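Undergrad: The primary structure of each chain is shown beneath.
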Amino acid sequence: METINMIYLPYIRSLSAAALLVAFAGTAVAAVDRHQIVSSDGSVLESAASGAIHGVSARAGHRPLGVPLDVEAESPASRSTPSEMAEMGKTYPPIVPSYASAEAAPETVIGIDARYRIYPSASGHPERATGLLTFQQGGFGFSCTGWLINPNTVATAGHCVHEGNGGSFSTNVVFYPGRDGASSPFGSCTGRTLFTVVGWATNGNEQFDYGAVKLNCTVGNTTGWFGFFWQTASLVGLPVQVSGYPGDKPFGTQWSGSGDVQVSELRKTRYMIDTFGGQSGGPVFETDRVGAFCGGPCANTIHAYGLVNGRNSGTRIVQAVFNNLIAWRNAP
Amino acid sequence: MRPKARLILMVAVTLTSCNQESSFDLDQPVAADAAAGSVSESPVTRSGIRGRVQGQDGSPVSGAVIQAECSAEPCRPIPDIGIFSNTDGVFFWPLREGSYRFTARKDDLTSCPVTAVVEPSKDDQISLTLSAHTTTGCPL
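Top line first, the protein sequences correspond to chains F and Y. Whatever position you read off the first sequence (first residue = 1), add 25 for our numbering. Whatever position you read off the second sequence (first residue = 1), add 84 for our numbering.
Since the hints were derived computationally from the structure, they do not count as laboratory data. All figures in this text were calculated on a predicted structure; none of them were measured in a lab. Each residue gets a CB set at the ideal place from its N, CA and C atoms; glycine is no exception. Possibly wrong hints are sitting among the right ones.
Heads up, incomplete: computed chain F residues facing chain Y, CB under 7 Å, no partners named [what the hints assert, rightly or not]:
id	residue
1	TYR141
2	PHE167
3	SER168
4	HIS184
5	GLU231
6	GLY272
7	THR300
8	GLY302
9	GLY303
10	GLN304
11	TYR330
12	GLY331
Listed next, with one range per pair, are the computed distances between beta-carbon atoms [said to hold, decoys possible]:
id	chain 1	residue 1	chain 2	residue 2	range
13	F	ASN355	Y	GLU203	37 to 47 Å
14	Y	SER183	F	SER82	44 to 54 Å
15	F	VAL69	Y	ASP208	32 to 42 Å
16	Y	SER183	F	ALA85	39 to 49 Å
17	F	GLY335	Y	PRO223	20 to 30 Å
18	F	ALA74	Y	GLU181	31 to 41 Å
19	F	SER68	Y	PRO204	23 to 33 Å
20	Y	THR171	F	GLY191	21 to 31 Å
With the sequences and hints as input, model every part of the structure.
TA: Now the structure itself:
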């Protein structure tokens, strides 16, 4: 028996090891890809295979002479009447805070508020490719920020299009590109299909907190859109801007802050750039990238969260995120 | 531990810790801020806090922005979503489990902070009363 053991034990051990490996490998294969796409209309969409492509460039909009500014929008450009603004303000109200003391400063403003107002009509591209996103979840109204990535697709945070963790998709999603206070210089468009991924919709994992809105219009042809890219190298030190529609400023006004990426993680970036509730989904971008992969205003992160350990953060555009953004761009 | 057993264990650990993300790339930068990333993997729940914003006379106030801050460690990331009270003064703040401090603002009015604990099984409601005072006049 001793002899048999001496002969067969190594073999048996190898079999055990193999079985163990197969078991673990099987578990690994069976696990769900957290970047798998989920859509509000149930349509099946595969992630795009980008291969060696690391980015797509921005494009300024165009407007032929004599064509109204809002020609591509679902709803026309408008300046809301006082009664319309009052009605909208009931759900998405103007906020004029009185920061009388440091105690009153919002939690995602770090020290002195360094944000500056953007006037999208006057600023042109890419400010007008950033827009206010309003929607409902569970009967309550919320606001976020989104940014165009082609004529009819808006990138944003996952929690702006879906409740996460097994919840439901948002409803009544409306995008106002370049919204400027009471004015919607490029009109508004309704979201017809919402996208996010399993990692957010099912798992509620903040590292997979990104999504997109397919619009009922092609307003991006007028406003232009952002480029975006991914890279394996660290983003630390990259100068970026974070734009959006913060709830602590007059309703519908666009604000921006600048700084450097301070922490570059596997799926997140962190920065000490001031934000506030309502800026979720906004682009974290280089204003005029000249480097590889992307030219012009190029986003590398989708802003999503307020302070943790002194920094605000967003979902980093890694290859899988990039592939999904491309798939959503290409979706019908 | 014998070398072969150690090898098996190492392979098994490697396999179980392997990320399913299709883009998993060993060249990706490792988190420089490990502490900040350490709380990130736990899933959020559709838990949160319901509340009502009112004036000093008790009437509902619509259109107030509701700010949430972490009030006790471990602090979890708070979505940078715009949360406002509706026409009935009611709001819902979707948050993960934890302890938070809530404040309402509208125009020049501010509420005193109210601390509440978010738990999935709880359905607590808080009340935020707007007044012209600053937070320095609030009870500790």
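Undergrad: Once the shortest beta carbon distance from TYR330 (chain F) to chain Y is found, is it less than 7 Å?
TA: holds, 4 Å
Undergrad: Is it true that the C-beta distance of SER68 (chain F) to PRO204 (chain Y) lies inside 23 to 33 Å, as the hint says?
TA: Once the Cβ atoms are compared, 31 Å apart, the range 23 to 33 Å for PRO204 (chain Y) and SER68 (chain F) holds.
Undergrad: For the hint on HIS184 (chain F), does the least C-beta distance to chain Y fall short of 7 Å?
TA: holds, 5 Å
Undergrad: Should the hint that ALA74 (chain F) and GLU181 (chain Y) are 31 to 41 Å apart at their CB atoms be regarded as holding?
TA: For GLU181 (chain Y) against ALA74 (chain F), whose Cβ atoms are near 38 Å apart, the range 31 to 41 Å holds.
Undergrad: Would the hint on GLU231 (chain F) be counted as holding, given a Cβ-Cβ threshold of 7 Å to chain Y?
TA: Since the shortest Cβ distance to chain Y is 5 Å, the answer is holds.
Undergrad: Is the shortest C-beta separation between GLN304 (chain F) and chain Y less than 7 Å?
TA: Hint holds; GLN304 (chain F) Cβ to chain Y Cβ min 5 Å, cut 7 Å.
Undergrad: Restraint: GLY272 (chain F) near chain Y, CB-CB cut 7 Å. Satisfied or not?
TA: Constraint on GLY272 (chain F) satisfied, holds at 4 Å.
Undergrad: Tell me if SER168 (chain F) is really an interface residue toward chain Y, meaning its C-beta lies closer than 7 Å to one of theirs.
TA: holds, 3 Å
Undergrad: Measuring from beta carbon to beta carbon, are SER183 (chain Y) and SER82 (chain F) in 44 to 54 Å?
TA: holds, 45 Å
Undergrad: Quick check on TYR141 (chain F) please, does its C-beta sit within 7 Å of some C-beta on chain Y?
TA: Where the cut-off is 7 Å and the nearest Cβ of chain Y is about 18 Å from TYR141 (chain F), the hint is violated.
Undergrad: At the C-beta level, are GLY335 (chain F) and PRO223 (chain Y) separated by a distance inside 20 to 30 Å?
TA: Given about 28 Å between the Cβ atoms, the range holds.
Undergrad: Could you see if the CB distance from SER183 (chain Y) to ALA85 (chain F) stays within 39 to 49 Å?
TA: The hinted range 39 to 49 Å holds for SER183 (chain Y) and ALA85 (chain F), with Cβ atoms some 47 Å apart.
In this structure, the one hint that does not hold is number 1.
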